[in-house]
Amino acid sequence: MTDAKQIRGKVVVITGGARGIGLATATALQALGAQIAIGDIDETTVKESGTTRGFELYGKLDVTDQDSFDGFLDEVERTLGPIDVLINNAGIMPTGKLVDEPDPLTRRILDINVYGVILGSKLALRRMLPRGSGHIINIASLAGETHIPGLATYNASKHAVLGFTDTLREEYRGTGVRFSSVLPTLTNTELGSGVTAPKLLRAAEPEEIADAVAKLIVAPKSKVRVTAVAGFISQFVGLLPEAVGDGIGRALGSGRAFLDDVDADKRKAYEERARGA
Numbered sequence: 032m033t034d035a036k037q038i039r040g041k042v043v044v045i046t047g048g049a050r051g052i053g054l055a056t057a058t059a060l061q062a063l064g065a066q067i068a069i070g071d072i073d074e075t076t077v078k079e080s081g082t083t084r085g086f087e088l089y090g091k092l093d094v095t096d097q098d099s100f101d102g103f104l105d106e107v108e109r110t111l112g113p114i115d116v117l118i119n120n121a122g123i124m125p126t127g128k129l130v131d132e133p134d135p136l137t138r139r140i141l142d143i144n145v146y147g148v149i150l151g152s153k154l155a156l157r158r159m160l161p162r163g164s165g166h167i168i169n170i171a172s173l174a175g176e177t178h179i180p181g182l183a184t185y186n187a188s189k190h191a192v193l194g195f196t197d198t199l200r201e202e203y204r205g206t207g208v209r210f211s212s213v214l215p216t217l218t219n220t221e222l223g224s225g226v227t228a229p230k231l232l233r234a235a236e237p238e239e240i241a242d243a244v245a246k247l248i249v250a251p252k253s254k255v256r257v258t259a260v261a262g263f264i265s266q267f268v269g270l271l272p273e274a275v276g277d278g279i280g281r282a283l284g285s286g287r288a289f290l291d292d293v294d295a296d297k298r299k300a301y302e303e304r305a306r307g308a
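Here the sequence shown is numbered in this note's numbering, starting from 32 and rising by one per residue.
It should be emphasised that the hints constitute simulated quantities derived from the structure, not laboratory data. Possibly wrong hints are sitting among the right ones.
Cross-link-like lysine-lysine pairs, in silico, DSSO-like; alpha carbons within 27 Å at most [to be verified]:
id: 1; residue 1: K41; residue 2: K252
id: 2; residue 1: K230; residue 2: K128
id: 3; residue 1: K91; residue 2: K153
id: 4; residue 1: K128; residue 2: K299
id: 5; residue 1: K41; residue 2: K153
id: 6; residue 1: K254; residue 2: K230
id: 7; residue 1: K91; residue 2: K299
id: 8; residue 1: K254; residue 2: K36
id: 9; residue 1: K36; residue 2: K252
id: 10; residue 1: K299; residue 2: K78
id: 11; residue 1: K41; residue 2: K254
id: 12; residue 1: K41; residue 2: K91
id: 13; residue 1: K78; residue 2: K41
id: 14; residue 1: K230; residue 2: K299
id: 15; residue 1: K254; residue 2: K153
id: 16; residue 1: K36; residue 2: K246
Pairwise CB distance ranges, derived in the manner of DEER restraints [unchecked claim]:
id: 17; residue 1: A250; residue 2: T110; range: 25 to 33 Å
id: 18; residue 1: E273; residue 2: K36; range: 44 to 52 Å
id: 19; residue 1: E108; residue 2: F267; range: 37 to 45 Å
We treat Cβ as the ideally placed atom computed from N, Cα and C, and that holds for glycine.
Required output: the full structure, derived from the provided sequences and hints.
Quick look at the structure:
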């Protein structure tokens with residue numbers, strides 16, 4: 032059970048907050064008494080989500096545009112007060128072989144998943160450092176600790192998020208600002224539509240990620256993996272000799288999960304949105 036007393040009243044900004052993990056996290060933290068601001072590139076959906084759940088602030092946010100991001104954070108601080116927690120959640124996960132990935136899509140993945148996290152962290156730090164307090168939580172992925180066929184650029188982006196977050200943790204040690212990474216397994220959101228989790232690795236529910244974030248706010252640490260079983264397997268396989276680890280991955284079906292086993296019809300709507308179609 033998360034201690035609501037340590038979350039109540041905190042100003043929390045969540046990017047990509049209109050749906051999926053972002054919306055589940057916003058909803059959970061609101062229930063614990065946080066003041067919630069969600070931003071999302073999808074202006075229609077963010078307005079619908081914000082009004083339906085009564086969040087304190089919601090609006091369009093393009094995490095790849097400095098003016099958009101800076102302006103959104105300015106509005107949050109004018110309206111709700113100093114930002115206590117920034118959750119860099121916005122991200123996309125197109126699937127397919129690298130040779131078939133158009134270069135504009137490669138750039139789009141890196142712009143949203145990597146640059147958006149870097150930009151948001153930088154802008155939040157400029158606000159948090161003078162106050163000597165704050166918490167930046169970056170939603171990475173277990174893909175950031177592994178290598179999964181069909182997700183080459185996505186894997187690269189999440190490896191980058193982990194390295195970036197760990198570096199900030201050292202660079203700003205002692206400043207009062209905390210940094211954390213959340214590493215979900217495949218999650219039952221639109222992002223994971225049409226994909227079946229590899230053997231032994233059930234898909235997580237977005238509420239499980241939200242609960243992990245809430246616990247991080249109460250008791251900050253560098254990383255949390257969700258689910259615990261998937262996180263353990265990811266860490267364990269990483270310690271094995273390469274041939275053995277890769278063989279286990281193939282045996283679990285990770286080599287097919289995001290390629291041959293994808294249900295293209297179920298995934299079509301997400302892929303079109305992720306690709307900006």
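Hint check results:
1. K41 with K252: 18 Å, holds
2. K230 with K128: Measuring from Cα to Cα gives roughly 21 Å; hence the hint holds.
3. K91 with K153: 19 Å, holds
4. K128 with K299: Since the Cα atoms of K128 and K299 sit roughly 16 Å apart, the hinted pair holds (cutoff 27 Å).
5. K41 with K153: 20 Å, holds
6. K254 with K230: Roughly 24 Å separates the two Cα atoms, so the pair holds.
7. K91 with K299: Holds - the C-alpha atoms of K299 and K91 are around 24 Å apart, at most 27 Å.
8. K254 with K36: 22 Å, holds
9. K36 with K252: 19 Å, holds
10. K299 with K78: 24 Å, holds
11. K41 with K254: 21 Å, holds
12. K41 with K91: 21 Å, holds
13. K78 with K41: 22 Å, holds
14. K230 with K299: 24 Å, holds
15. K254 with K153: 20 Å, holds
16. K36 with K246: 12 Å, holds
17. A250 with T110: 25 to 33 Å: Roughly 28 Å apart at Cβ, these two residues keep to the hinted range, so it holds.
18. E273 with K36: 44 to 52 Å: 47 Å, holds
19. E108 with F267: 37 to 45 Å: 43 Å, holds
Hint compliance for this structure: every hint is met.
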